[in-house]
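Visitor: Sequence:
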Amino acid sequence: MISHYDEETGASRKQRERSQDRFLKTRSSQIKSLILSLMCIHSILVGINLN
Numbered sequence: 001m002i003s004h005y006d007e008e009t010g011a012s013r014k015q016r017e018r019s020q021d022r023f024l025k026t027r028s029s030q031i032k033s034l035i036l037s038l039m040c041i042h043s044i045l046v047g048i049n050l051n
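Final position of the sequence shown in the UniProt record's numbering is 51; the numbers increase by one with none missing.
For the record, the hints were derived by calculation from the structure and aren't laboratory data.
C-beta atoms are modelled at their ideal positions from N, C-alpha and C, and glycine is treated no differently.
A portion of the hints provided could be inaccurate.
To be verified - Restraint ranges, calculated between C-beta atoms of paired labels, are given here:
| hint | residue 1 | residue 2 | range |
| --- | --- | --- | --- |
| 1 | ILE35 | GLN15 | 39 to 47 Å |
| 2 | LEU34 | ARG13 | 29 to 37 Å |
| 3 | SER12 | LEU45 | 32 to 40 Å |
| 4 | LEU50 | GLN15 | 33 to 41 Å |
| 5 | MET39 | ARG16 | 29 to 37 Å |
| 6 | LEU45 | PHE23 | 47 to 55 Å |
| 7 | PHE23 | GLY47 | 50 to 58 Å |
| 8 | GLY10 | MET39 | 53 to 61 Å |
| 9 | GLY10 | ILE41 | 29 to 37 Å |
| 10 | SER43 | ARG13 | 25 to 33 Å |
| 11 | GLY47 | SER12 | 26 to 34 Å |
| 12 | LEU36 | ARG13 | 43 to 51 Å |
| 13 | ARG18 | ILE48 | 29 to 37 Å |
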């Protein structure tokens, strides 16, 4: 009984860590794309100001 419970908690812990890793990866890619779009907008505004 106890060993079965340990196996279940270990599996759920692995699953939780895996989902957290996936969340962090998607979050970092979202931030990267946001920074890229902000840089593009900034360069466009600077180009307009120069002209």
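Visitor: Now tell me, hint by hint, if it's right for this structure.
Guide: Here's how the hints hold up against the structure:
Against the hinted window of 39 to 47 Å, the Cβ-Cβ separation of ILE35 and GLN15 comes to about 31 Å, which falls outside the hint. For the pair LEU34 and ARG13, the beta carbons lie near 31 Å from each other, so the given range of 29 to 37 Å is met. The given range of 32 to 40 Å is broken by SER12 and LEU45, whose C-beta atoms sit roughly 49 Å from each other. At roughly 53 Å, the beta-carbon separation of LEU50 and GLN15 lies outside the given 33 to 41 Å, and the hint is violated.
Taking 29 to 37 Å as the suggested C-beta distance range, the pair MET39 and ARG16 conforms, at roughly 35 Å. Restraint check, LEU45 to PHE23: a C-beta distance of roughly 33 Å breaks the suggested window 47 to 55 Å. Between PHE23 and GLY47 the Cβ separation comes to about 36 Å, which falls outside the hinted range of 50 to 58 Å. Separated by about 44 Å at the C-beta atoms, GLY10 and MET39 break the suggested range of 53 to 61 Å.
Take GLY10 and ILE41: their Cβ atoms lie about 47 Å apart, and the range 29 to 37 Å is violated. Between SER43 and ARG13 the beta carbons are some 45 Å apart, a value that contradicts the proposed interval 25 to 33 Å. Checked against the hint of 26 to 34 Å, the pair GLY47 and SER12 fails, with Cβ atoms roughly 53 Å apart. Hint check: LEU36 to ARG13, Cβ distance near 35 Å, so the stated range 43 to 51 Å is violated.
A hinted range of 29 to 37 Å for the beta carbons of ARG18 and ILE48 is inconsistent with their spacing of about 46 Å.
Of the numbered hints given earlier, the model fails hints 1, 3, 4, 6, 7, 8, 9, 10, 11, 12 and 13; all others are met.
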